[in-house]
Amino acid sequence: MEWLVLMIVIVMLLSAVAVLLMKNFIAALAALSVVSLGMSVLFVILRAPDVAMTEAAIGAGLSSLMFALALRRLGLWKD
Amino acid sequence: MRRITSALFLVGLAVLVAAVYQQMNLLVTPLAGDAINASAGQQVGAGNIVTAVVLAFRGFDTLLELTILFTAATVGGLVLGKPRADAPRDPDAGFILQAGADLFFPLLLVVGLYIILHGHLTPGGGFQGGVVLAAAFFIPVLARPGTTLDHHAVSLIEGLAGAAFILIGLLAMLGGEVFLTPLLDKGELGALFSAGTLPLLYLAVGLKVGAELAGLLAQLAATEATD
Amino acid sequence: MDLTLIFYVAAVGLMLIGSAGIVLSSHLLRIIFGIALLETGANLLLLLATYREGAAAPIWVNGKFPLAMADPVPQALVLTAIVISVGILAVTLSLALRVHRAYGTLDIRDIRQRMEQDIADAAGIDMPGSSEAPLPVYSSAESGS
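Residue numbers (the working numbering), protein chains in the order written: chain A, 196 to 274; chain B, 75 to 301; chain C, 14 to 158.
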């Protein structure tokens, strides 16, 4: 159990650093979604299925959608 | 110079957090949680104890959270303003997105309403189901950018649902109890019609959140970035 | 390795990375990414109080409540916090779009300069000088005898 959590945490922290360092904004948005996804798995491991569902729906769904819409309007949705 | 001070700030924050970790007792038993776990079944009648905490034990916090969402949606609408009528519109999306949007709309509606109505039995509830409903109403706008969401209907649903939440809370006061005490019969634990007014409260919350977020997304999608 | 320590490091690490993003970035969208990371880390830190060893989720399953259940109060608080983070994100993205419409750029150093200039022009006063600007050379030192 500890190794699973450790792997998920390492992936999450590396993706969080990648959010801030990547030049391409689409890649940064994808890394933010990876952080949200890892977060919802951690919430399930912490015995909180309600919160995991909310984080998955809002973090990986609605939040990324709002960022994508804003990026498109700002003209940053490109390579 | 700015980089050095920023790095120093972060080092100081890390030291502070390490010091807090030394002193803090994580994973220690707080006072209220076990008492709520033991008594929520009989007292509230909901199968999902987190729902009982959100709506029955801490219902006022949920009302304030709805206020925060309403404020955020209002600020979004005020700051972005109305798009001009002759603004250039995005072209229609391809066949896959249009067909997928037509297919997904009833499915998302059913899934969202299911999650909302079963909030007191299984993990779920108003907020999760409301987000799914918002997606259900926004995806057709994504597929065909020419069609705008009917903002009057969305605002009407949002206002009525919020008023319904407050009204159900006020009805408890008419009975002489505290604001937002759960009313109605508790029913049998685990049945769909149980836990008094909790499903109705979550239905109001779900409709309000769904309408609000759909309106906000439509506003973000329709705005223009440059004058 | 202790499970507590790993969760704590994750929460604090995310908060630190988010704070670093807010403080060190110059692009407005990176700052908003940093705000989202900071909120996610804070939610995880708050939820650490819900875990019990060998406990189950506080849900009615198969006709009975489990014997040992996790604490429901931090879960309810984090539910509220996640929805509030969506609201905050909506407000900041709207403001970023509006700023881009007004100034055409998203670099906060440029925006701050031009905003202070606009405010100073509208108020009819001089723009406040930066504390890092070089000191003016006094011409009286040359003309005096």
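Bear in mind the hints are in silico, worked out from the structure with no lab data behind them.
One or more of the hints may lead you astray.
Claimed, not checked - Covered stretches of chain C (in silico footprint by chain B; criterion: 3 or more residues with CB under 8 Å from a CB of chain B, positions within the stretch not fixed):
| no. | segment |
| --- | --- |
| 1 | 68–76 |
| 2 | 98–109 |
| 3 | 119–133 |
Note that the Cβ used here is the ideal one computed from N, Cα and C, for glycine as well.
Going through the hints against the structure:
{"no.": "1", "hint": "68–76", "result": "holds (count 5)"}
{"no.": "2", "hint": "98–109", "result": "holds (count 8)"}
{"no.": "3", "hint": "119–133", "result": "violated (count 0)"}
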